[in-house]
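A.B. asks: Model the full structure from these sequences, guided by the hints.
Note that the protein sequences, when read in sequence, are chains V and Y. Residue numbers for the first sequence follow my numbering, beginning at 1 and rising by one. Residue numbers for the second sequence follow my numbering, beginning at 1 and rising by one.
Hints are computed from structural coordinates only; laboratory data are not their basis. The structure presented is a predicted model; accordingly, all values stated were derived computationally and were not measured. For every residue, glycine included, the Cβ atom is placed at its ideal position computed from N, Cα and C. Treat the hints with care, since some could be wrong.
[What the hints assert, rightly or not] If you want the footprint, here are the derived chain Y segments under chain V, 3+ residues with CB under 8 Å: (1) 8 to 19; (2) 264 to 276.
[What the hints assert, rightly or not] Partial pick of chain V residues on the chain Y-facing surface, computed with a CB cut under 8 Å: (3) V38; (4) A70; (5) L71; (6) L125; (7) P130; (8) A137; (9) M210; (10) G213; (11) I240; (12) W251; (13) L261.
For reference, the chains in residue letters:
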Amino acid sequence: MTASTAGARRRRAARRSLLRRPTVAFGAAVALFWLIVVISVGWWARYEPLSKAGARLTSPSHAHWMGTDALGRDVFTRVLYGARQSLPVSVAVIFFAVMIGTVLGSAAGFLGGFIDSVIMRLVDLTLAFPAIFLAMAIAAALGPGLRNAFLAMVIVWWPIYARLMRAQVLSIKGREHIEAAVSIGATRGRILRRHILPLSFTPALVNATMDLGQVVILTATLSFLGLGAKPPSPEWGAMITEGARFFYQWWVAVAPGLAILTVGLAFNFLGDGLRDALDVKAN
Amino acid sequence: MSRFVLRRLMIVPFLLLGIVTISFGISRFISSDPLANIVGERQLNNPEVVNAAKKKWGLDGGLAKQYTTYMGNLFHGDLGTSFRTRQPVTKDLGDRLPATFELALGALIIGGGGGVALGALAASRKDKPTDHAARLFSLLGSSLPVFWIGLVLLFILYARLGWVPGPGRLPPRVAAPPDHTGFYTVDALWAGDVKLFLSCLARLALPCFVLGWAYMGTISRLVRAAMLDELHADYVRTARAKGLREFRVLRSHVLRNAWLPTLTILGYSVGQLLTASVLTETIFQWNGIGSYAVQASNTLDYPAISGVSLFGGAAFLLANLITDVLYAVADPKIRLA
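C.D. replies: Structure representation (structure tokens):
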């Protein structure tokens with residue numbers, strides 16, 4: 001009882017000091033900002049993302065904070081709407097990668113033996129490719145489009161979590177409380193569900209936070225290479241491709257890149273803070 | 001040591017086989033019809049043309065037959081013929097390898113050297129402004145989309161300030177130096193053309209920096225962590241108590257012990273270098289493997305896609321293997337085992 005309240009107090013204190021760190025506060029603020037944008041941009045944006053809002057390729061001004069692109073669309077509005085493309089896809093990639101990684105990784109670690117070998121060889125093989133080559137090949141094979149880019153990224157990303165979860169499950173499996181659970185006759189399924197998994201998620205959680213920024217970048221990268229979202233849609237990477245064609249009208253490409261940068265930095269800071277707060281050793 | 005290295009070597013063929021199979025598999029699951037790209041949309045209704053093309057490009061027969069044909073050819077060093085360039089993929093890759101290698105080598109020097117220096121600097125000034133600045137700089141390297149920062153720097157440094165030359169490996173309307181190594185810088189020197197050498201070097205600078213920066217982020221972060229681990233060790237206190245200058249302590253004692261993890265990091269991050277090179281080459285119109293991969297993906301050029309994935313997997317594998325061997329050489333615990 002006392003132990004748990006002391007633990008709770010320590011956790012609360014950790015959380016308070018966490019938000020006091022400027023980097024973490026910045027990360028949280030930026031993440032919150034983008035979350036609000038994703039939910040509500042349709043209600044308050046000044047222009048439409050897909051229709052002409054002014055003259056073509058005008059530089060940033062009061063009417064168009066980040067200028068207009070080659071079709072006279074407002075770049076700032078498009079960047080805001082772009083969050084609706086990049087962020088949900090990235091969150092979904094991480095979600096499915098963690099899910100698949102958890103199921104396969106914990107199965108490998110818990111069951112061991114043949115299943116372990118098969119799953120881990122698959123992991124080794126997938127990780128034997130530089131991520132982008134594999135993602136590009138898969139995305140190209142499935143055909144361009146954000147949905148296929150999403151599939152490609154899940155395929156590239158799950159092995160990281162499988163490896164992480166397996167290591168974690170293996171280390172917890174040897175602890176005393178598992179021995180105790182076995183001795184009172186708990187079934188294997190119950191031990192995995194109630195005694196191992198709840199303790200195994202912390203490293204994956206920290207990693208997932210950090211990876212979110214990387215997935216946002218990879219999504220934009222695939223779109224930039226013509227393998228993700230296609231031009232009229234306001235996806236950040238696709239917007240940079242369009243911007244690259246109008247090199248001297250720098251604002252067209254700069255604005256979406258800044259958006260990617262803020263997201264990448266924010267989740268890096270958040271993940272760093274989370275790791276310190278949860279006391280996970282860097283892998 | 002030999003046993004450790006041997007064990008690593010033993011699994012290489014299996015990994016290679018897996019890599020080949022996956023590369024083959026991916027390109028055969030292409031959803032749209034590559035024939036449309038080969039014979040053109042209009043000829044698709046002409047069975048004669050279609051069958052001839054299928055036969056020529058090895059698209060007839062079942063998946064199993066295609067796979068055995070592919071494997072058989074692979075053993076003879078034949079990766080098939082690119083649909084787009086109509087040249088053997090091995091020749092295409094060979095032609096483009098020096099460009100990528102030249103770029104990656106420059107980036108490795110900038111990123112690796114800069115990363116180690118930056119990480120060591122940050123660790124020695126832990127929690128001071130220098131530390132924060134160094135960490136922010138390296139964090140930016142890994143949070144910036146490579147293709148975007150390449151564009152932005154090109155715009156500022158080339159278009160606005162004119163400090164660096166434009167994209168491309170050669171100045172406009174200048175012929176490549178006679179081919180010996182494929183490295184334009186080396187070939188220019190070989191031909192005794194110092195002016196060409198300098199302009200090739202200048203053209204390398206920005207893309208190498210952009211590529212190296214992405215790499216530097218990972219390196220410096222991990223070097224900093226490795227050095228911080230060492231800084232608390234007793235032998236460091238002893239070294240300081242002897243009155244050694246701080247630089248000497250860091251260089252001769254701490255960095256030397258932090259060297260092992262650093263080596264691993266350098267080797268294992270080569271994959272990241274390959275990844276970033278795809279984008280750097282696209283932005284800087286660098287005719288290397290990376291831009292070849294992008295063109296192949298955009299035109300559904302199967303043989304080229306398989307070839308490039310195979311190359312990427314093999315290069316990554318080789319880099320990891322070299323790292324393992326170097327590690328074994330450098331670490332007495334493994335060397336003597």
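A.B. asks: Closer than 8 Å between Cβ atoms is the bar; does V/A137 clear it against chain Y? Give me holds or violated.
C.D. replies: Constraint on V/A137 satisfied, holds at 5 Å.
A.B. asks: Test coverage of the segment 264 to 276 of chain Y by chain V using CB-CB distances below 8 Å; three residues minimum.
C.D. replies: holds (count 4)
A.B. asks: Does the interface hint hold: is V/I240 within less than 8 Å of chain Y, judged Cβ to Cβ?
C.D. replies: 6 Å, holds
A.B. asks: Taking 8 Å as the limit, does the beta-carbon of V/P130 come near enough to a beta-carbon in chain Y?
C.D. replies: 4 Å, holds
A.B. asks: Interface hint check: V/V38, Cβ to nearest Cβ on chain Y, cutoff 8 Å. Holds or violated?
C.D. replies: 20 Å, violated
A.B. asks: Quick check on the hint: V/L261 CB to chain Y CB, less than 8 Å?
C.D. replies: This hint holds: V/L261 lies near chain Y, its Cβ roughly 6 Å from the closest one there, short of 8 Å.
A.B. asks: Under 8 Å, Cβ to Cβ, is where V/M210 needs to be relative to chain Y, so tell me if that hint holds or is violated.
C.D. replies: Hint on V/M210: violated, closest Cβ of chain Y at ~10 Å, above 8 Å.
A.B. asks: Does the segment 8 to 19 of chain Y contain three or more residues whose Cβ lies closer than 8 Å to a Cβ of chain V?
C.D. replies: holds (count 3)
A.B. asks: Holds or violated: V/A70 as interface residue toward chain Y, Cβ cutoff 8 Å?
C.D. replies: For V/A70, the interface hint is violated, since the closest Cβ of chain Y sits about 16 Å away, which is over 8 Å.
A.B. asks: The hint names V/G213 as touching chain Y; please verify it with the least Cβ-Cβ distance against 8 Å.
C.D. replies: Because about 6 Å separates V/G213 from the closest Cβ in chain Y, which is inside the 8 Å limit, the hint holds.
A.B. asks: Would you check whether V/L125 satisfies its interface hint, that is, whether its CB is within less than 8 Å of any CB in chain Y?
C.D. replies: At 4 Å from the nearest chain Y Cβ, V/L125 passes the 8 Å test, so the hint holds.
A.B. asks: Close enough to count: is the Cβ of V/L71 nearer than 8 Å to one in chain Y?
C.D. replies: 20 Å, violated
When held up to the earlier numbered hints, the structure conflicts with 3, 4, 5, 9 and 12 and fits the remainder.
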